[in-house]
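Student: Residues in the sequence shown are numbered consecutively from 1, following UniProt numbering.
One should not assume that every hint holds.
Subject to a maximum C-alpha distance of 27 Å in a straight line, what follows is the list of computed DSSO-like cross-link-like pairs (lysine-lysine) [stated by the list, open to error]:
1) LYS524 x LYS491
2) LYS448 x LYS524
3) LYS198 x LYS237
4) LYS442 x LYS194
5) LYS448 x LYS306
6) LYS216 x LYS194
7) LYS499 x LYS544
8) LYS102 x LYS181
9) LYS448 x LYS237
10) LYS476 x LYS216
11) LYS194 x LYS207
12) LYS99 x LYS181
13) LYS181 x LYS207
14) LYS237 x LYS544
15) LYS150 x LYS544
16) LYS181 x LYS442
17) LYS357 x LYS232
18) LYS194 x LYS544
19) LYS207 x LYS237
Estimated spans, in silico, between C-beta atoms of each pair [as the list claims (entries may be wrong)]:
20) GLY218 x ARG616: 43 to 51 Å
21) ASN203 x SER72: 47 to 55 Å
22) LYS524 x ASP480: 31 to 39 Å
Hints are computed from structural coordinates only; laboratory data are not their basis. A virtual CB, placed ideally from N, CA and C, is assigned to each residue, including glycine.
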Amino acid sequence: MSFYQANSGIVYARKGQRLEFACFSESSQNIPKWATKSDTKFPSGVFQDQQGRLIFPANTECHSGIYTCQLSNQDGSVSKNVILVVDLSKHVDVDVQPKSAKVLRGGTAILFSNINGTQSKECEWTRMGAGLPYHHQTYGPFLILRNVQKSGEYYTSTVSNNDGIGQDSVQLHVDDYPSAKISPSNRIALRLLKSETKDVSCNGAGKPAPSVTWIKVGGSIDQSLVSGVSLKFRNPKQEMAGIYECHVSNAYGNVSARLQVDIAVTSILPGFDNSNPNNAAYGAFIGSALRPSDYHEINIKIKPTKVHDGLIIFQSNGFAENTPSTMHYISLGVKDRHITFYYSSGPQSSPAGISGKVVYPLIIQEGKWYHIVAKYERGWSSVVVNGGTPAFTFGSFLGKSTTIDLSSWIFLAGLSDLSLNPLFEVPYGFSGCISQLSFNNKQIDLSKPVESRQMDKCGAACEGDQVCRNGGTCQKFAQDESYFTCRCRDKYYGNYCEKMYSATTNPCSRSPCLNNGRCIANGKQHYCLCPMPYYGLSDCGEVKQLNANDIPYFQKYSYLLYSVNIINEYQQIQFEFNALNLEGALYWIGQKSEGKYLYIALIKSRLELRLHVNGRENYLISSQNIVTGKYYQVNVTRSYSSIKMFVDNFEAQLSKSSNLGPSRLKYLSDGWL
1 MSFYQANSGI
11 VYARKGQRLE
21 FACFSESSQN
31 IPKWATKSDT
41 KFPSGVFQDQ
51 QGRLIFPANT
61 ECHSGIYTCQ
71 LSNQDGSVSK
81 NVILVVDLSK
91 HVDVDVQPKS
101 AKVLRGGTAI
111 LFSNINGTQS
121 KECEWTRMGA
131 GLPYHHQTYG
141 PFLILRNVQK
151 SGEYYTSTVS
161 NNDGIGQDSV
171 QLHVDDYPSA
181 KISPSNRIAL
191 RLLKSETKDV
201 SCNGAGKPAP
211 SVTWIKVGGS
221 IDQSLVSGVS
231 LKFRNPKQEM
241 AGIYECHVSN
251 AYGNVSARLQ
261 VDIAVTSILP
271 GFDNSNPNNA
281 AYGAFIGSAL
291 RPSDYHEINI
301 KIKPTKVHDG
311 LIIFQSNGFA
321 ENTPSTMHYI
331 SLGVKDRHIT
341 FYYSSGPQSS
351 PAGISGKVVY
361 PLIIQEGKWY
371 HIVAKYERGW
381 SSVVVNGGTP
391 AFTFGSFLGK
401 STTIDLSSWI
411 FLAGLSDLSL
421 NPLFEVPYGF
431 SGCISQLSFN
441 NKQIDLSKPV
451 ESRQMDKCGA
461 ACEGDQVCRN
471 GGTCQKFAQD
481 ESYFTCRCRD
491 KYYGNYCEKM
501 YSATTNPCSR
511 SPCLNNGRCI
521 ANGKQHYCLC
531 PMPYYGLSDC
541 GEVKQLNAND
551 IPYFQKYSYL
561 LYSVNIINEY
571 QQIQFEFNAL
581 NLEGALYWIG
591 QKSEGKYLYI
601 ALIKSRLELR
611 LHVNGRENYL
621 ISSQNIVTGK
631 YYQVNVTRSY
641 SSIKMFVDNF
651 EAQLSKSSNL
661 GPSRLKYLSD
671 GWL
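Could you put together the complete structure from these sequences and hints?
Tutor: This is the structure we're talking about:
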């Protein structure tokens, strides 16, 4: 069992000084036990606190002695001694600052040993249990630790001079940016109207411990879903669909992670087999455009399992009140292996109407999907199959009524009573699968017939990719193949990707930039300006920690922002850069409200500086051309309105004007700084 002790060996302290001793082991989580060497009680005022530290509030000469720390686990126990010497005459008062030492992971910590004494000769820094880290520097009483990663380590300053020896220690704590992760998945699907439950948690991390808040993008969140850091979905409803964000924040900023909630809808493909007569009926759209009209459209997908003459779909104005010659109807059927579109406005009705049909020339086959669009408009009709060349009928209908009244049920694959079928050349029902049926762009839910007979399920969800529109991708619901969700392309949304965002919709309106990123619209596209440590041109969804010794690399829209933005009377600026392109901003500092600013930019292969203070502007342009792939060192010194810039020790020239117009300072230069 490895053993670590904050103060070990001989510790010199002056009278009245407060001391704390700590010890721990990586293989034991137990609180240590302190004792005196003779195993007697602690001297007056000395005590062990709840964290296992031995506390000396104010040393006296009585506190000198040997103190033992003992730690144990299942493998045994170990102990170590510390010898405390309270020197009444010789002492060095050492106080390490800051006492509450904290640093952001990967950052730089500076510890300072405040020494009261005379003729200081030596200051030594040590780390408990190990040597000082590789990334460290010491400057007398200062200890500089770079790229700090490990938290909880103790650092001790030991100082000796003519007065004696003194020590003080501090524990360095490492804090972390907040982070957020959705579990078990950042995209879930819920089956509509099913009694199921699904919980999603937002795992927030960081130090100090972060807070977690859920919101719904583009709307208000149903608070009944929120339970601590989790969302609990019960009995899914359509309004649960959408994008949810969990915001995780602590003292160093806030981040967010996204959850996409899809509502899976049923994917019932009705199947029919004329050898066992069957059909399904669906209610008419009462009061809709499917009542008396000069225009009708059928949009349907079919897959024949047997090819024979048969009725695919039929709707009329009723059977009881009409004869075949007075009936109004719209119908699709298979006749002699061809898709045939039938229509009638009642040739012998009053007023007299018309009737006709369109035969599509393609010969259909078993086991293949066919997308049929049939249209009727004022006596003219057309049929298109699988996006092919339309087939038409048209003519003169002077004195004839072309209005077709559709008020009865919509029948699929036959009729309740085929003896009432007015289409004598298709006397049977259809055999096969039917998918995605709509009348006049009004979708019919095939899972909810008002009447059915021997209707069977035909195929699984997404078969033939039949359900998602506008290029959307159909995905089966893993636990139930009768359900599916659609992954929609940009601009489209909805259960079937049937809805489209307005052409005037701002691409930033859907809040695509996570983690407090700033969305910039660029026509129909967008890009994100991301705060550290996040990146990702489209979403700020990735993390890249920049440590103290790293060289930052910039691309087009990337930048680093610091809080110091004051234009003082005196300034000195130094940096190196390596450019990948020869136009873009490198440095800007300013106070917009007072009209003061200084910027340095690459323009036309030259480095240009522009200073605006006290109503005056100065322009400096480098004397040499900048080339890509090479590091350049820049030094700028300024006193009031006088300013000089050197690029690799070559002084920049004063210019009367700037090459940098307002429209040119658009992007940051690609490269390293």
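Student: Work down the list of hints and note, for each, if the structure agrees.
Tutor: Quick rundown of the hints versus the structure:
no.: 1; hint: LYS524 x LYS491; result: holds (10 Å)
no.: 2; hint: LYS448 x LYS524; result: violated (39 Å)
no.: 3; hint: LYS198 x LYS237; result: holds (13 Å)
no.: 4; hint: LYS442 x LYS194; result: holds (25 Å)
no.: 5; hint: LYS448 x LYS306; result: holds (25 Å)
no.: 6; hint: LYS216 x LYS194; result: holds (22 Å)
no.: 7; hint: LYS499 x LYS544; result: violated (37 Å)
no.: 8; hint: LYS102 x LYS181; result: holds (25 Å)
no.: 9; hint: LYS448 x LYS237; result: holds (18 Å)
no.: 10; hint: LYS476 x LYS216; result: holds (25 Å)
no.: 11; hint: LYS194 x LYS207; result: violated (41 Å)
no.: 12; hint: LYS99 x LYS181; result: violated (33 Å)
no.: 13; hint: LYS181 x LYS207; result: holds (16 Å)
no.: 14; hint: LYS237 x LYS544; result: violated (38 Å)
no.: 15; hint: LYS150 x LYS544; result: holds (19 Å)
no.: 16; hint: LYS181 x LYS442; result: violated (40 Å)
no.: 17; hint: LYS357 x LYS232; result: violated (55 Å)
no.: 18; hint: LYS194 x LYS544; result: violated (41 Å)
no.: 19; hint: LYS207 x LYS237; result: violated (37 Å)
no.: 20; hint: GLY218 x ARG616: 43 to 51 Å; result: holds (49 Å)
no.: 21; hint: ASN203 x SER72: 47 to 55 Å; result: violated (34 Å)
no.: 22; hint: LYS524 x ASP480: 31 to 39 Å; result: holds (37 Å)
Of the numbered hints stated above, those contradicted by the structure are hints 2, 7, 11, 12, 14, 16, 17, 18, 19, 21, listed in ascending order.
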